[in-house]
Amino acid sequence: MNAILNIFRKFSLKRTIKKIIKRIETELLDDFLELLLKVIRLVLCVDRKYRRNIKDFNARYAFRSQDGEIAASAIFKNNKMKVKKDEIPDTNVTVIFKDGKALWEFLMAPDPDVFAFVLENKLSYEGNLNYLMKFGYMAKHLKVMFGM
Amino acid sequence: MTNILMKEIKKDPDLRQYTLNNLPLLETLKARYEATQTAVCIERAKYITEYMKNPKDPDEPMELTRARAVNHYLSSREPIFHNENLIAGSSTSKEVGAPVYPELLGISIWPELDTISTRKTNPQLLTEEEAETLNFDVFPFWMDRTILEATRKKLMDEKSPTLQSLKLMEKIAFFMAGKTTVISHTTPFYETVLEKGLNAMIEEAQQKENELGPDEHEKKPFYQAMQIAMQGIINYAQNLSKKAAELAAQASSNGKMKYFQEMADICARVPARPAESFREAINSLWLCHVGVLAENVNMATNPGRLDQVLYPYFKKDMELNKITVEEALNLLGCLWFKISDNTNLVPESAEKMFGGAGSVPAVTLGGITKEGKDAVNDLTYLMLKVTELLPIKDPNVNARYHYKINDKAYMDRVSRVIIRTAAIPATYNDIVNIATLENQGVSTEHARDYAVIGCVELGSAGREYASTSSILLNLSAAMDMTLYNGKRPYITGDLQIGPQTGEPEDLKTFEAFQTAFETQLKALVEMAIDLNEELGRMHQRLLPTPLLSCFFEGPLEKGKDLIFGGALYNSSGVTHVAFADVCDSLNAIEDAVYRNKKVTLAQMKEAVEKNFEGYENLHAYVKNKAPKYGTDDSDESHPIAVKNSQRLIRFLYDLYQSHTNYRGGKYRPAYWTMTNHAGLGKIGHALPSGRKAYEVFSSGITPASQCAKDLTGAYKSVAELGSEFIPGGVALNMKYTPETSVSENGSYLKHFTNMAEGYFKSGGMQVQYNIQTYETLEDARKHPEKYPQMIVRVSGYSAYFKDLNDAMKHELITRTQYDLETGKAVPYSGTDKGGEE
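One line per chain: the protein sequences are R and Y, in this order.
Under my numbering, the letters of the first sequence match residues -4 to 143, in that order.
Under my numbering, the letters of the second sequence match residues 17 to 853, in that order.
Next up, chain R with everything else stripped away, as it sits in the complex (with noise of 0.2 Å):
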């Protein structure tokens, strides 16, 4: 019984993130950076294999874009995440986008290319790489998981 209601939850999860990533993809970009956050929040909190990606994984990220207008953080604390509005301080690694539609090209594309988005000057970086490796598999992940 308690397989298929874990089938049957796992389903409605797949169904609700689908549609949510729907939203984001017909949403303003303003908010989409911190609805997405928040997906991959939903996903660590509900599915154990995704969730193993932050045990014991201590890690501040803030995104951001140029002028400022967009921004949002997370906090990878206690194999929890939480996620801000605004940008945090003394981050391992602080992503700055061109644009919202830079943010948006990069997390929303079937193959998001860090070097090919600062080469075009659509994204740079402060702090360290790898941890923008981690969070683009964690990214990755997630579209594979939910077959996008």
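These are calculated hints, taken from the structure and not from any lab test.
Where a beta carbon is used, it is the ideal one built from N, C-alpha and C, also for glycine.
Among the clues, some could well be false.
To be verified - Simulated coverage check for chain Y against chain R, where a stretch passes if three residues somewhere in it have a Cβ under 8 Å from a Cβ of chain R:
no.: 1; segment: 114 to 127
no.: 2; segment: 185 to 193
no.: 3; segment: 704 to 713
Following the hints, complete the assembly by docking chain Y onto the known chain R.
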């Protein structure tokens, strides 16, 4: 030399009776190799990380920790026999593997762990389980410990100005720092291990340790580390021996039982003990090379002068009638496949920029001996035969030629192999290369024993830690910075990168412009050198190389690791992208702005900024009328092309040689570009030369495509740059129309050899070829399925044309094609634009 075989070679240097049809083992291995898809190998990453997480003593010196980690990996590896290859051991757990070196840039594949197996560009297989191991067990450990991040943290903590250099490096478009990705690019020396065996070498290190005086305690860990690391190779060989014995016992046929029993016997003996046969020597050399790759990244770590190192064992077996030519060819072919059993791990974004490269292990043939005698021997010819039979991308085969000492028949044979494979080997001029190394302080005997490193670089084998890929510098960045008074707006916005050398209207004469350009170039070079020095010191702290040090002259005697300056000779190599484009930009500015006053410098800047839109007449002028590098000074209208190219070469030589690296050696300029000229071109704006935005740059030291119309003039221009000013080496890429039926009377070969010899006599250092037409390459681009194994020379190494990125394919297609009969360029009338098909 072995008379029996030399008679056969003198009669037929091509050894035509040997084909893949009568060498079925090689035919089988070739088919298997071609059908095998590259897979990511996590074995090394797993074991090295496992040890580093739980080292024996966290406080012991890093050379000991590294040696124990390498020993742990080599001792724990699964002994695998993938196929019927006569040589035991493999560099990875996969049949063709891309090993992960997480301490450098292996971690950069993290975002694509789910997709690397299926990506469009050069996919590399990775199972879900392996991806999970990397994601959960390996990469998290290295997040703060890679060379790049440890260096960044140090620079941030110190608030060092070099942090700015690191940020520029990460923009890729200024310069790249090789030490973030590799520790290698050098050629070890395997003669000693073949002759003495590792047991004896361990004893020597132990003796050195025992003999240390009371004030030499700091050397003790290094000697211990050498012993521990070498023991790792012996352990790996013993495990292979045990496994082979087990497989022999289980064998289903006498043939298999014999095969495995032989493997068990060989691995039980070598490399621990001296090699006693040709087959043992090859196995011993390969197992030591596998050990070196366990410690050092599989990029341009070179087997060296194999025809010299292995010759005594071959000769002895031939004299005792213990081996036939056929058996020797089989063994050499097996070695070629072993050397090709690994490739480099490349993230997708890097594939797009720089794709198609292998691990570029260079094998060097021919030339002269340390004593100055003809070094061409029976094995040289057998290795050329194997290269002809097996035109695979690795090893990167290179043929040295001393036109005063080597037989002309040898060079003719080399030429025929190039013509038949359409690409391999590259050729090197012994006379100038030896003199160039001597000019760098290398003794005559050691200079004569040079081996090619990676693409085209030169170094005395096993004596010179040349670190030839320390820096790759984009010369076009300095040109941009000169036009923009020290800035490069389209890459770094308003950031002042170089000194303020004046706005265009301030630069009243060409001399003032050239001085400004050289000032910007100097600033850029010094930023790149500062960063390389920091990275080098971080290598010393985190990545000592006790095992590689065992295969060099110097470390044992000095009690010092290679990366602390243990080798006899130390240097750092800096290669340059866009040499011809920048020379032609200087030429265009001197001619169009200052001499003929077609435009002002401010207008030239505006034209470049607008990608020549609205400046079509100027574009036509600089493309067609302005002087071009590659046209010699016999042309009355172009005397300044020679002057500007030679001045740039000399300026860079003086600049680099004035810097001493962290190991006590000099910086050496070089001009080879791999595929970087294509990748960097695709992100570069227009130049005064008339090269438009996003067009590929010229390759290596080669004149820009379609600029040098006369083959002799092109060769002469390159040769007269002065090899003594290019101690790092060059890649000159020439494309010839293939032989037609009209030239089958031998005139094609004659022209081919004479042209190379003429270039060498003028002072040329190196040349490599593609024997292809524009049309064939265009067809290969449109129909890759028709040319699955088409080998091409890129700018230093060989690659399969189908594996290259679009920009690189475009560069190869449009590279000037010369007709050998007429000595003139064949006009390009194709339409290739370099976009995706």
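So, going through the hints one by one against the coordinates:
1. Only when three residues or more bring their CB closer than 8 Å to a CB of chain R does the claim for the segment 114 to 127 of chain Y stand; here the count is 4, and the claim holds.
2. With 4 residues having a beta carbon nearer than 8 Å to a beta carbon of chain R, the segment 185 to 193 of chain Y meets the requirement of three or more and the stated coverage holds.
3. Figure legend: the segment 704 to 713 of chain Y, annotated as covered by chain R; annotation inconsistent (0 residues with Cβ-Cβ distances under 8 Å, at least 3 required).
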